[in-house]
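Visitor: Protein chains in written order, with the working numbering: chain L, 76 to 460; chain E, -15 to 567.
Calculated directly from the structure, the hints in this document are not laboratory data. Predicted model only: the values in this text are computed from it and were never measured. From the three backbone atoms N, C-alpha and C, an ideal C-beta is built for every residue, glycine too. Do not rely on the hints blindly, as some may be mistaken.
Claimed, not checked - Covered stretches of chain E, as calculated for chain L (at least 3 residues, CB under 8 Å): (1) 211 to 221; (2) 252 to 263; (3) 418 to 425; (4) 431 to 439; (5) 483 to 493.
As the list claims (entries may be wrong) - Derived DSS-like pairs (lysine-lysine); straight-line CA-CA distance at most 30 Å: (6) L:K434 / L:K273; (7) E:K543 / L:K114; (8) E:K257 / L:K268; (9) E:K13 / L:K124.
Said to hold, decoys possible - Here are the computed distance ranges between Cβ atoms for each label pair: (10) L:N117 / E:G371: 57 to 67 Å; (11) E:T503 / L:E106: 22 to 32 Å; (12) L:E120 / E:G281: 53 to 63 Å; (13) L:E433 / E:E192: 43 to 53 Å; (14) L:E120 / E:A532: 26 to 36 Å; (15) E:K515 / L:Q270: 53 to 63 Å; (16) E:E192 / L:G194: 31 to 41 Å; (17) E:E564 / L:E239: 56 to 66 Å.
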Amino acid sequence: MENLIQKYNDKLFKHGLTERDAPLIGTLDAEIIWNRTNKTTNILEKLFKTLNINSIIFSEPAEPYKTIIEYLTKTSSGIIYPEDCETRTFLHELPYTKNFDAQTITNILKERKSLIIPGHGIITFGTVSPEQAFVTFSSVCFAVYIKFFSDYLEHKKHKTITNEEEKIFNKVTLMINPYPEFSFSLMKGPFNKEQVYKAMDEAGKITVKSRLVDSYFGNISYLIDNIIHISQTGSSLDELDGYIDTCPIDNSSCAGITASSEFSAHKQIYLDINKTAILHGHPKFSVILSMDCNQRDMCKYKNQCHTKCPYKRFVNDIPIVPGEVGTGPYGLYKTIPSAIKGKRGVIVYGHGVFTACEKDFNEAFNNLLSIEKMCKQEYFKRVNI
Amino acid sequence: MFGWCGKILKIDLSSKKYDILNPDINILKKYIGGKGLAGYYLKDHITLNWHDPDMPLIFFTGPLVNTISPTSGRMTIMSKSPLTGTIGDSSVGGSFGFSLKRAGFDGIIITGKSFDPCGIEINNKNITFTNASSLSDLTVNEINNLIKHKGSTAVAGPAAENGVLFSNIVIDNHYFAGRNGLGLLFSSKGLKYITVKGTGKTKTYDKESLKKARQDIFRLTFASPVLMGELGISNFGTAALYDLIDNRRMMPTDNFRKTHFNNACSMNAHTYKKKFNPKKQGCLGCHILCKYITEDGSSIPEFETMSHFSALINNNNISVVMEANKICNEMGMDTISAGATIACYIEILNKKLSGSDIISILKKIGYAKGIGNELSKGAFRFAESKGKSKAAITVKKLELPAYDPRGALGMALAYATSTRGGCHLRSYPISHEILRKPVSTDRFAFSGKARIIKIQEDLNAIIDSLTACKFIFFAATLEEFSKVYTSITGIETTAQDLLKIGERIYYNERIMNSLNGFTKKDDDLPSRFFKYPGTSGNNIDIPPINRAEFIKTLENYYKIRGLNINGIPTKEKSKELELEWKI
Chain L
76 MENLIQKYND KLFKHGLTER DAPLIGTLDA EIIWNRTNKT TNILEKLFKT
126 LNINSIIFSE PAEPYKTIIE YLTKTSSGII YPEDCETRTF LHELPYTKNF
176 DAQTITNILK ERKSLIIPGH GIITFGTVSP EQAFVTFSSV CFAVYIKFFS
226 DYLEHKKHKT ITNEEEKIFN KVTLMINPYP EFSFSLMKGP FNKEQVYKAM
276 DEAGKITVKS RLVDSYFGNI SYLIDNIIHI SQTGSSLDEL DGYIDTCPID
326 NSSCAGITAS SEFSAHKQIY LDINKTAILH GHPKFSVILS MDCNQRDMCK
376 YKNQCHTKCP YKRFVNDIPI VPGEVGTGPY GLYKTIPSAI KGKRGVIVYG
426 HGVFTACEKD FNEAFNNLLS IEKMCKQEYF KRVNI
Chain E
-15 MFGWCGKILK IDLSSKKYDI LNPDINILKK YIGGKGLAGY YLKDHITLNW
35 HDPDMPLIFF TGPLVNTISP TSGRMTIMSK SPLTGTIGDS SVGGSFGFSL
85 KRAGFDGIII TGKSFDPCGI EINNKNITFT NASSLSDLTV NEINNLIKHK
135 GSTAVAGPAA ENGVLFSNIV IDNHYFAGRN GLGLLFSSKG LKYITVKGTG
185 KTKTYDKESL KKARQDIFRL TFASPVLMGE LGISNFGTAA LYDLIDNRRM
235 MPTDNFRKTH FNNACSMNAH TYKKKFNPKK QGCLGCHILC KYITEDGSSI
285 PEFETMSHFS ALINNNNISV VMEANKICNE MGMDTISAGA TIACYIEILN
335 KKLSGSDIIS ILKKIGYAKG IGNELSKGAF RFAESKGKSK AAITVKKLEL
385 PAYDPRGALG MALAYATSTR GGCHLRSYPI SHEILRKPVS TDRFAFSGKA
435 RIIKIQEDLN AIIDSLTACK FIFFAATLEE FSKVYTSITG IETTAQDLLK
485 IGERIYYNER IMNSLNGFTK KDDDLPSRFF KYPGTSGNNI DIPPINRAEF
535 IKTLENYYKI RGLNINGIPT KEKSKELELE WKI
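Excised from the complex, chain L in its bound form:
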């Protein structure tokens, strides 16, 4: 477990989720192991005694998450309710408490996967691996970011901005890093069976490095001779070596049962349009803008936008579609393929962006990046109205 502690300590920093070596990470098998100890570990060790868990991450988040969380906890009453897809599906809600004591923390973590303690940080846990704690930590950061900027836009439109909110907005806006400019090219396709793994690995890494996807979300695929090469479920796009499944498009083997939960959406895109490479990330401003809808207040589906949005919506030329992860009645495999035809990509409500192209991942990555840049520009245009 020591190697996993080090891995996620490094990864939290690398992904911009915490400052370097800020996290306390503990794992418990027969004995508790911490990456370091301080006065807080005494409190956290009590959690290991009272909860059936095997790992804990506790850390103050890096900026801008720290400032956003401080603000949201001040203006919410006990629980923060983001509306993005990750929260809706996996986290449900984000509880917080001002009491930094073992009993209070235990009581909340008995029910939910994470806990925010303003002024201290975020606590998350795993029952089989610190990876769960990392994924949850990352999802909390993503969710609060989306919520803050979405709320701000909404409040701006309704002219309900407070001075405090304006102040925080100005502060965190200055902390947003510009998206990187790339002058180089990714591997050139078309790829054969030997090349494709390296090409997917390269594209995955650059997508994460560009902060177009956080944590263990997002996915990538490539079609060769009716075999879909696709990242595995829960894999990290910057660690794809050994985590790519090969799935015959006719489903003649189930060896890819561990393929991404978006396998059906990828497959349907390949079946419906002439593409060979698909990239899916969770770029933040694309997600934020997907949730900005002027019709919402009057819409009969106003609480079901993610599944039943009846409007044809766009950010400039990019369609926004509803749909849920997987193969359910509102599965993305039903909404994305027709929408992506002839477009640079598609934004899924509250979720992320899919891009599809031919030959290799250059166009898919560039489109993902350009859509996000466009959404960011559009966001600031909208809030300045």
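Position chain E relative to chain L; hints supplied.
Guide: What follows is chain E alone, placed relative to chain L:
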């Protein structure tokens, strides 16, 4: 009362009389239902011989059954296992649990012994005993056809009548309470069948909240590739695992002497679907629907059956697998034990068997004739009788299923610690070691596995007590199911509260096994896995299991589970879990 009926039907077959028990709410809160409550009622009798008339045969549903909770159609059947001598429980689907709750009962406890073969017919509050002598020697399917109009059915087949130690109780003709030989215990009580029909409803405390929790669970299951994905078990049945397990070089082949089957790609789930064109079915109350039935009423084999009747016995003929599965189902025999016992026989015989040989031997086992009579006692007893005990790949005399432990070291530990012997479902580490849920763990490392296995055992114990299906936990968690439980019963709870109850239920099983003399020496794997490698290839190395690391991890498990160094429950831990310690 919300969730529970608050009534248990207690039947004495010797006198053909019955009584109603009204369990205290605190007992229900403490053990929930399913295997938790069954274990509570079994404990005082666990040292009796399995065929003692006073040994109870227990059927229990849980508070979620007969509600709109996802996968709530399951129940547990429990007693002492004739095959292993351990506690013997089996979670089983179909509609029996639903019907029992509709009839107004949380469970049935059967003791005594009928002089003549008998049936029990439950129709709401009316309980009738019938003479079932005319059903002797009929197959499960034949019996079912005669009684299915009376409601949901539980049947013992010819194998049970003939003393097969791994005979099943068959629910609704297609769902099997297997692995422990409970069919034999059912039959030893003079029981041939039970039918149950009811019209009542289970009261739900907060219907709106239940709908919300249900929706959250549905969303998660639809996002799960293993459950509802195109390649998942909803589309192919559990057979969907066949390609993957072989691909990961952990498919038990040639009686666990290899871990890769060359013919796997032509005998996979896709091939069955194409060849037999089955239709999807499932347990009542389930939206996953992982059961596949052909037009002539035959079941497509489950993954373990497919694997053991092909790779484990070196059979390349898909029709033989189908026929073997059909024979086991109609005779009422556990397919894993049957396949593994034949594999053991082949190894000792040192000769390949043809498809017709396999079919012929299976029939002989079911009727306990000739060599079949010897094999009907299971691999352990057969191999020992031949002086070749190493050919029996068993843990606590229970034949191992279709995951070679050299390919997943958490599975190795879980086989060893399982309270019912070599079973994959107590902890099911395949979930994280292979299927990547909730996240992936390193399948070739023991590090961290002791605690993971313990936690997952507690989890599965509570799942089997609520009762729900373990499969749905590839996607959902107790975070969502605790909301379901609270919505139904009105009892405030959390995921961790339920996990703690799971810990109590599992520890209770360790206590019962200890009372029957089970210790550390029984928590072990066959020596083959420590001495010989599996079949490496496909850039995957399958070395033998490092015995020293295995022992160290087992000792860590004891420490985490609160057992002494010999694997025996302690007074202190029993007290902490509010269990009676009487070892």
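Visitor: Run every hint past the structure and note whether it holds.
Guide: Here is how each hint holds up against the structure:
no., hint, result
1, 211 to 221, "holds (count 7)"
2, 252 to 263, "holds (count 3)"
3, 418 to 425, "holds (count 8)"
4, 431 to 439, "holds (count 7)"
5, 483 to 493, "holds (count 3)"
6, L:K434 / L:K273, "14 Å, holds"
7, E:K543 / L:K114, "27 Å, holds"
8, E:K257 / L:K268, "28 Å, holds"
9, E:K13 / L:K124, "22 Å, holds"
10, L:N117 / E:G371: 57 to 67 Å, "59 Å, holds"
11, E:T503 / L:E106: 22 to 32 Å, "25 Å, holds"
12, L:E120 / E:G281: 53 to 63 Å, "58 Å, holds"
13, L:E433 / E:E192: 43 to 53 Å, "49 Å, holds"
14, L:E120 / E:A532: 26 to 36 Å, "29 Å, holds"
15, E:K515 / L:Q270: 53 to 63 Å, "41 Å, violated"
16, E:E192 / L:G194: 31 to 41 Å, "36 Å, holds"
17, E:E564 / L:E239: 56 to 66 Å, "59 Å, holds"
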